[in-house]
Amino acid sequence: MGPIEGLIYGFGVAITPANLLACFVGVVVGTIVGVLPGIGPVGAMALLLPSTFALHPATALIMLAGIYYGAMYGGSTTSILVNVPGEAGSVVTLLDGYQMTRKGRAGAALAVAAVGSFVAGTVGVIGIMFAASWLADVAVRFGPPEYFAITLGGMLLLSRLSSASLTHAFVLVAIGLAVGTIGMDPISALRRFTFGSVQLSQGVELVPVIMGLYGVAEVLALAEEGAVRAQIASVKLRELFPTREEWRRSAAPIARGSVVGFLTGLIPGPAAVLSTFVSYALEKRVSKTPEKFGTGMIEGVAGPEAANNGATAGAMVPLLSLGIPFSPATAILLGALVIHGLQPGPLMISQRPEIFWGFVASMYIGNFLLLILNLPLVGLFVSVLRLPQHVLATLVLLLCLVGAYSLSNSFLDLWILVVFGVFGYALRKLRVDPSPLVVALVLGPMMEKTLRQSLFLTRGSVVELVSRPLTAVILLSALAALAGPPLVRLLRRRARPAEAPAA
Amino acid sequence: MMAERVVALATLLGGGLFLTQALALPFGVTERPGAGFFPALVAAFACVVGLVATARAFWPARRAAAARETVALAPEQRRRVVVSVVLLVVFCALLPWVGYPIVAFVFVALLLRRLGASWSGAVVTGVLSAAVSYYLFAVLLDVPLPRGPW
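Sequence order for the protein chains is A and B. For the first sequence, the positions run 1 to 503 when the numbering used here is used. For the second sequence, the positions run 1001 to 1150 when the numbering used here is used.
Hints should not be assumed to be uniformly reliable.
SDA-like mimics (lysine to any residue), calculated; alpha carbons at most 20 Å apart, straight line [claimed, not checked]:
hint	chain 1	residue 1	chain 2	residue 2
1	A	K449	B	L1023
2	A	K449	B	M1002
3	A	K449	B	P1026
4	A	K429	B	F1045
5	A	K429	B	L1023
6	A	K103	A	F241
7	A	K429	B	Q1077
8	A	K429	B	A1003
9	A	K429	B	V1006
10	A	K429	B	L1041
11	A	K449	B	G1034
12	A	K449	B	P1075
13	A	K449	B	G1028
14	A	K429	B	A1074
15	A	K284	A	G296
16	A	K429	B	V1082
17	A	K429	B	R1005
18	A	K449	B	F1045
19	A	K449	B	V1085
20	A	K449	A	K288
21	A	K288	A	L342
22	A	K429	B	L1009
23	A	K449	B	V1086
24	A	K429	B	A1057
25	A	K449	B	R1005
26	A	K429	B	V1086
27	A	K449	B	A1057
28	A	K429	B	R1032
29	A	K284	A	G294
30	A	K429	B	E1076
31	A	K449	A	F142
32	A	K429	B	R1079
33	A	K429	B	A1024
34	A	K449	A	V466
35	A	K449	A	K429
36	A	K429	B	A1010
Note that these hints are calculated values from the structure, not bench results.
When you get a sec, could you build the whole thing from the sequences and use the hints?
Here you go:
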């Protein structure tokens, strides 16, 4: 099935009442969690995962993905109106977005952010259609050594990009991999590190870990502040129309942001956040007045807001075509599919086209829904910010506890939630991104299985394993990305004293 | 700074402990790796990372840079977080014995009160949230939430 036929087939799946409703619920919940500072899309997706168990896998995927990209729309609203990022992907937006609000141009900033998000979301879905189909065709020929190289290379790259300190990222990768080995050995079925616990022999569930690291940790950070109410700038509907000049200045940044975002999304790492910084830096570089950035430049809103939506689409490509998630959000989507007995990978597009194409078509619908919901209803969405933070924090914490228990009616999951919640909070205080831990936990078992299969295939020869053309390219690229920046810094430092006397 | 050192030493210690546990499992040979092969690799990686982290945390030149990264909390903020964590632990410990409705009510009411709500607001929200969440999960979604001895 070609991309166009696939898309037409996908629309047939996506416009069924159940899938339309799932898409609507997903994008509305996503917008709300995006608007609320402290409650991120990953925590919300983990929280709602148990409620999707009874749904068809395509419906579950449509709803959870709706939360993810819906949050990117909602996050900009809080950045622009309250000067607080609704979620991490909107941190850059507040630099110029809030300055526009102070100048009375909040409506224009919101409209450009929404339209930019819509354009980037649409461009991103077109990218998924072609890139995922192509990559899946290529990946059919991959064997265990190639998959091992992709998981290892992805983890190395993620460690380089996700945190300021490579050591911190590696500590988290080690913890994630170690936790991933708890339970039954995938090949010999021997119990490992279970200490006699029957529940632990099933392994550590991903969802309580994510709920703890993202949900509980975020709520503990909200609890620090106690009873506070946000100060919100009001926006009237008639103010939502940017001027012709503002549209003209936004068009190119939106186009650039869409492409930059999608490409960043393909790389392992915190794509949504990273893409906004790349886009902002790019807009500043191409601008004739870079010194005005930070004073309310609409380009500084249009580019990054398009980029974070493009990145959410890009991040779906490795998940859907290779079955490999490179971010916590896509790890939850993988978890949702696995719970429904599906294994995403190159064969899913041909064997379960209703899942892949239904999902792709739903993203078009979801982006359109978000555009028509976000602008007229911005006042309504912002009103959730009036809910006292301490009440919200308490109720979310209760939902996390019930949600974690309801996964497999296990008290152990509750303890895992609390332990990882406290750990996630400590990481926030150290300003360390927990995503390497989550990705290592998800990819660890896959990495172990493919490594052991590869060694079996190559009769124990590590040289043969890493010298296959594709594995060599992937591993060398990852090593270059890992060692490149410190090497460049070292060379510059060495070059400087040599240049100094000449100067 | 202190946190950096604790993390580094904990990684080193944890990596060492994990290595001893991993080596107790069948390692196999490289042609046919056993159940302990991958955990042993992970443990060795953790030990190396722990060593590097320890060297960095105790290296004088690194101290100033590391110290800038930590965020200090006011005593009242710290108390709120500690109470939240204690209540989470109490929730998990008491749930099997006392049952969900009572534990959820006490958890919400005490946490809200500690975070700044009035007693009446905390009690009303506690009753409502315990009742609604119990109805939603136990009755509508058939989750067997513990009811306690009553």
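Verification of the supplied hints:
1. A/K449 <-> B/L1023: holds, 19 Å
2. A/K449 <-> B/M1002: Given that 20 Å is the threshold and the Cα spacing comes to 38 Å, the pair is violated.
3. A/K449 <-> B/P1026: OK: A/K449 and B/P1026 at ~16 Å, within 20 Å.
4. A/K429 <-> B/F1045: At roughly 25 Å apart (the allowed maximum being 20 Å), B/F1045 and A/K429 break the hint.
5. A/K429 <-> B/L1023: At roughly 35 Å apart (the allowed maximum being 20 Å), B/L1023 and A/K429 break the hint.
6. A/K103 <-> A/F241: holds, 15 Å
7. A/K429 <-> B/Q1077: holds, 13 Å
8. A/K429 <-> B/A1003: holds, 10 Å
9. A/K429 <-> B/V1006: Holds, at roughly 14 Å.
10. A/K429 <-> B/L1041: violated, 30 Å
11. A/K449 <-> B/G1034: It holds: about 11 Å lies between the C-alpha atoms, which stays within 20 Å.
12. A/K449 <-> B/P1075: violated, 48 Å
13. A/K449 <-> B/G1028: holds, 14 Å
14. A/K429 <-> B/A1074: The hint holds at about 13 Å.
15. A/K284 <-> A/G296: holds, 13 Å
16. A/K429 <-> B/V1082: The given pair, whose Cα atoms are some 14 Å apart, holds under the 20 Å limit.
17. A/K429 <-> B/R1005: Holds, at about 15 Å.
18. A/K449 <-> B/F1045: holds, 18 Å
19. A/K449 <-> B/V1085: Violated. A/K449 to B/V1085 sits at ~37 Å, over the 20 Å cutoff.
20. A/K449 <-> A/K288: Violated - the C-alpha atoms of A/K288 and A/K449 are around 53 Å apart, more than 20 Å.
21. A/K288 <-> A/L342: The hint is violated at about 51 Å.
22. A/K429 <-> B/L1009: holds, 18 Å
23. A/K449 <-> B/V1086: violated, 39 Å
24. A/K429 <-> B/A1057: Holds, at about 17 Å.
25. A/K449 <-> B/R1005: violated, 34 Å
26. A/K429 <-> B/V1086: At roughly 18 Å apart (the allowed maximum being 20 Å), B/V1086 and A/K429 satisfy the hint.
27. A/K449 <-> B/A1057: violated, 35 Å
28. A/K429 <-> B/R1032: violated, 43 Å
29. A/K284 <-> A/G294: The given pair, whose Cα atoms are some 10 Å apart, holds under the 20 Å limit.
30. A/K429 <-> B/E1076: holds, 16 Å
31. A/K449 <-> A/F142: Holds, because 15 Å separates the two Cα atoms, which is no more than 20 Å.
32. A/K429 <-> B/R1079: holds, 15 Å
33. A/K429 <-> B/A1024: Violated, at about 36 Å.
34. A/K449 <-> A/V466: It holds: about 16 Å lies between the C-alpha atoms, which stays within 20 Å.
35. A/K449 <-> A/K429: Given that 20 Å is the threshold and the Cα spacing comes to 35 Å, the pair is violated.
36. A/K429 <-> B/A1010: holds, 17 Å
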